[in-house]
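**Student:** Each chain, written out:
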Amino acid sequence: MTHRIMSCSEALAEALLEEMERDDSVFIIGEDIRAHDGIFGQFRGLPKRFPARVIDTPISETCIVGAGLGAALTGMRPLVDMHFADFFTTAMDEIVNQTAKIRYMFGGQAKVPMVIWAPDGGGLRAGAHHSQSLESWFVHTPGLKVVVPSEPADVKGLMKSAIRDDDPVIFFQHKKLFAQTGHVPQEEYLIPIGKGEIKREGAHITLITYSRMTYLCLEAADLLAQEDIEAEVIDLRTLKPLDFDIISRSVKKTYNALVVHEACLTGGFGAEIAARIGEELFDYLDAPVARIGAKDVPVPFSPVMEDFVLPQVADIVESVRKILNRQ
Amino acid sequence: MTHRIMSCSEALAEALLEEMERDDSVFIIGEDIRAHDGIFGQFRGLPKRFPARVIDTPISETCIVGAGLGAALTGMRPLVDMHFADFFTTAMDEIVNQTAKIRYMFGGQAKVPMVIWAPDGGGLRAGAHHSQSLESWFVHTPGLKVVVPSEPADVKGLMKSAIRDDDPVIFFQHKKLFAQTGHVPQEEYLIPIGKGEIKREGAHITLITYSRMTYLCLEAADLLAQEDIEAEVIDLRTLKPLDFDIISRSVKKTYNALVVHEACLTGGFGAEIAARIGEELFDYLDAPVARIGAKDVPVPFSPVMEDFVLPQVADIVESVRKILNRQ
Amino acid sequence: MKTSKKEKLSLLEKMLMVRAFEEKAGELFQQNLIPGFIHLSIGEEASSVGTCSVLRPDDYVASTHRGHGHLIAKGADPQLMFAELFGKATGYCKGKGGSMHIADFSLGILGANGVVGGGFPIIVGAGLSIKLRNTDQIGVVFFGDGAANRGTFHEAANMAAIWKLPVIFVCENNLYASTTPVAYSLAGGSVAARASAYGIPGHITDGNDILEVRKIVARAVKRAREGKGPSIVENRTYRYRGHFEGDPQKYRSKQEVESFRKKHDPIEKFKRILKKEGTLSDRRYEDMREKVALKIEEAVRSAQEAPLPDPEEALDDLFVNP
Amino acid sequence: MKTSKKEKLSLLEKMLMVRAFEEKAGELFQQNLIPGFIHLSIGEEASSVGTCSVLRPDDYVASTHRGHGHLIAKGADPQLMFAELFGKATGYCKGKGGSMHIADFSLGILGANGVVGGGFPIIVGAGLSIKLRNTDQIGVVFFGDGAANRGTFHEAANMAAIWKLPVIFVCENNLYASTTPVAYSLAGGSVAARASAYGIPGHITDGNDILEVRKIVARAVKRAREGKGPSIVENRTYRYRGHFEGDPQKYRSKQEVESFRKKHDPIEKFKRILKKEGTLSDRRYEDMREKVALKIEEAVRSAQEAPLPDPEEALDDLFVNP
Ligand SMILES: Cc1ncc(C[n+]2csc(CCOP(=O)(O)OP(=O)(O)O)c2C)c(N)n1
Ligand SMILES: Cc1ncc(C[n+]2csc(CCOP(=O)(O)OP(=O)(O)O)c2C)c(N)n1
Ligand SMILES: [Mg+2]
Ligand SMILES: [Mg+2]
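Residue numbers (this note's numbering), protein chains in the order written: chain A, 1 to 327; chain B, 1001 to 1327; chain C, 2001 to 2322; chain D, 3001 to 3322.
Keep in mind the hints are simulated off the structure, nothing from the lab.
Misleading hints may appear alongside valid ones.
Claimed, not checked - Listed next, the in silico PhoX-like pairs over lysine-lysine satisfying Cα-Cα at most 20 angstroms (straight line):
{"hint": "1", "chain 1": "B", "residue 1": "1048", "chain 2": "C", "residue 2": "2250"}
{"hint": "2", "chain 1": "C", "residue 1": "2276", "chain 2": "C", "residue 2": "2002"}
{"hint": "3", "chain 1": "C", "residue 1": "2006", "chain 2": "C", "residue 2": "2215"}
{"hint": "4", "chain 1": "D", "residue 1": "3250", "chain 2": "A", "residue 2": "48"}
Claimed, not checked - Some chain A residues near chain D, calculated using beta-carbon distances under 10 angstroms:
{"hint": "5", "residue": "59"}
{"hint": "6", "residue": "87"}
{"hint": "7", "residue": "90"}
{"hint": "8", "residue": "296"}
{"hint": "9", "residue": "306"}
{"hint": "10", "residue": "309"}
All of these numbers come straight from a predicted model, not from anything done at the bench.
Glycine included, every Cβ here is placed at the ideal spot set by N, Cα and C.
Excised from the complex, chain A in its bound form:
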């Protein structure tokens, strides 16, 4: 395969370009997309290329999501742009009570091929209303798939799969990763929803993570390697359906696990992973499964406080040391 270097933002736009060319029923709907190709430039070139299928809306998130649903039920394949993941709050009924439940409640009559795309995460000094990581809510909502890629190649391959999927997919991209670059295959490819990937192999501990924290875990693993600690880094890429096999195989090898996410700790997805590892891999564990998440407060504005609240590489390194010293 030939590869190119691309940003996550470009990877997203390329995935959508290919899928929109392939299938006339795919369209994009959301606020402020056309003028600047999305507020992060994430839909570069698409408004011009598909003038009728990139649709600007009023500020009406509730109806935007519901309209996506209505369109999905009647033959289209919408990608709904949530603008910021923080505004999921304004459309929870449409997502949780309608989108997620409709197929089931109606006994399988309907399908909802919709992607809800949401830029999430902190670190941009954007304050409590523009910095959240809300994936836990959706993992706890039967009927949704939840995708949280970190690198450009995964963004592209997973978005193409999400668009083709006949079920609703919540697709998170971390705002701080839009400019993150990486290799992306030249040829067409898909990455299946529901498969994690080992981004670094290691024998001593399994770091289970996703989205931006993947990069922090990789950095931490580099630092730990200098102390002869080899950390295996699993990027889950999808939270639901969860690739528990990849976790299981790794923990059976390393006997130690640390889950790292940016969402606040209590009730975060790390709890689910830790609980499942505890349940299913109890006898393989040399130490308790540890968790790192943001501290349990809203994301504060002031950089010194925001950095303190969000997980940092040093927190990961320290936690790994603590886990392994315990033995």
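With the hints as your guide, set chains B, C and D with the ligands onto chain A.
**Tutor:** Only chains B, C and D with the ligands this time, still in chain A's reference frame:
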């Protein structure tokens, strides 16, 4: 103390009667309260007793919650009736981005003495839009307290504390428990937010639960006692702040733990408890912490399917047997 | 709009079918044969039947918690509906939905809805889809006077208006939202009056007069199909039963209900007209009633005989690709 | 409404203060001294200052993401605001809020808001609280043309109307919501026209004419204080800067911006009037500008010197009783 027998519904109404008499700033706001004293009769006598302070609204949950917030910020103590917990979905922005964050974002300038009261849970053959248990979302939202009582005495004592609390409290009551009766002290009393209670003592396993599942756990404990298995039943009563001490003391005694809730399993609050027990009590565990929750689908209508999806006494008994046989 | 004799008789029959279905459902509920709770639309048949009578089979309808009438009017099969109400495997939704969650996508029925106001955004999406697919379908969302106060109404009306979507907002103003009188909860006097806020037409009908409902909705349908955009139609009507079966109804008097039933019953009203103009004979009417009653009896019987789902079927139908 | 000479000069000074604050903030942002992102209201000063000039100190204001002007107009201290913009411990919110989340509860400022349309329900609650507490305060919610399309607008307007709450909905229609022209997104032609849907008064002002804004808002204030209920006031204005600092602004031309600045600048307009009627001399104006500039410089300087919070302070202020 003298006691009386009362239902959860009566206990709620009595708590509110006392607090509304005590403090003029307490008021109740929500849909369809006045005509029938609340759609479950849960505010019996209050509309008549406090005609100006029990307020019917249009069907506008988003604004009802936000109005509660605005009133709380300006000197009042609202109890907002969500009608059904399922409709939290329509007011998540007001709860999560406004109510929960306002004090923090504004550096402690404001306080939000508001109770959001929500009847939740399934088992009433009410279908997927009127049967959910959504507490996990709020436990994962810094800035909220979450209360989930099971018995009448706790409903009363916790509601009185919630009304007096200067922070926002999400107060769940299970719909199937309104008619549940129990002893309630004659004298005035409060039950502190953040304290669990052992509802049955036992030496072999700790059942950690809350809301309606407390009764199922107690039933299961009765059955297990016939097999000489003594289960300790902890009713958490409050999920946030969490009384981890009571869990810790019990697990250090029983070496085994099972968490039971009605919300669906994946990403439910049981994950948080199991993860924390794993982290903090690893060396005390004889077996993995197990979890029981509803199966990961929307709550179906047909009774045979609903009963299959929601946790039953038999599931608890069986799970306990499995955990203890393992040893 | 012209309505032929045959059409008139078929309208009457449909209204009788809705009423018979609902009365039967109420009876079965009383006998504890229907689990959960149900909301009946008895008294509102002119609105559901009148509206759907001017729709095409491929037009979309988004319904409400009080949806039996809309479903039957759009062509749904009472037997599959009863089976669903009983929680049977043969029901419209295999027993997963129940009264508040019935759909028939093959008839363009996008579903009843347990969330008041939940249909507004969905119909906007259907309208947008029609536009993108370039067909001449239209979409109708039914909603109550209470639902008109939800934010979804506003967002949907605005969006449908700016894009001139082929949708119609059909309000069934039955004077109450559960226990709450419309006069208390609805500012501005009427739902139709809100149309001007979006620069679209708003009409009030005598919602108990099926020919008037038909005429006004047909106008909105024409407008929508011609690409001229959405309308609001407010059918003023009344429900005779409680908000849900078992409702203590302290918010209104028995006399009020009786007076509406006596003076404004949509079926009686239409019957009188048809008789007066000679379209309907007593004999014909009795035949019609019997036919309807038979059909309902038969639907109930076969639904009752149908099997319950296996409990494990509760795990099916969540995803297309699990 | 009469406005005295002294009041007029103070209005002008306030507008100058808002503009000086915002221009300085823009400059500091350019220099990377303000983290995150900021939304400036330069060009919209007549709306914020005119509106707040007819409010009492104990009246409530709910503001927006573009809130600096509202805050200063309601009496907020620029130094505490700059300190907040810098993320300093001495800021209004101890650095936890930033530009989009500043409040001063001692001045009735219930907060800027990062969620568009988040203020509507809050002001309804404040209005209800006023009514329950039986005071004669009022509440104002500022919002943009874009925010008028959120469901919260509708629910709040309806609720305020049925209860005749003492609140005013002050729209700052600056022709764009981020990149989206109001002509594209807002059905019905104006925000004020939506008032009739709720049976309440709606007014459009030349939002760049501070005396007109004052007059119209004062009328709404009087109505609210007398218990006659809410109003909508739509101030038609324009923002000169991008939606946020750094906005590429491909959605409008430089000429458009320049033309508004030349023809409709609220400060220039008011200055001309004051000069013409002899209220303002060149000398006096220069003094005023200097005074304002000095105050802003001083505010920036002391905010810059203020300490950053300790990182651990991030854990404070979540609960009253943790
Ligand atoms: C969002 C939401 N809020 C509240 C309810 C509870 N509820 C069900 S029906 C109803 C009244 C609806 O009134 P209306 O819209 O007038 O319809 P009608 O019942 O009169 O047909 C209410 C409050 C609900 N199902 N959904
Ligand atoms: C609920 C919500 N949706 C979207 C955004 C992103 N956003 C911030 S400001 C803005 C435009 C607001 O336009 P308008 O209400 O006209 O106010 P203006 O910025 O023009 O003052 C948008 C879309 C947001 N903050 N909140
Ligand atoms: Mg009604
Ligand atoms: Mg604007």
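**Student:** Hint by hint, say whether it matches the structure.
**Tutor:** Tested hints:
1. 1048/B to 2250/C: 14 angstroms, holds
2. 2276/C to 2002/C: 18 angstroms, holds
3. 2006/C to 2215/C: Cα-Cα ~17 angstroms, so holds.
4. 3250/D to 48/A: Within the cut-off at roughly 14 angstroms; holds.
5. 59: 4 angstroms, holds
6. 87: 7 angstroms, holds
7. 90: 8 angstroms, holds
8. 296: Since chain D brings a Cβ to about 8 angstroms from residue 296/A, closer than 10 angstroms, the hint holds.
9. 306: 8 angstroms, holds
10. 309: Residue 309/A check passes; min Cβ-Cβ to chain D is 5 angstroms, inside 10 angstroms.
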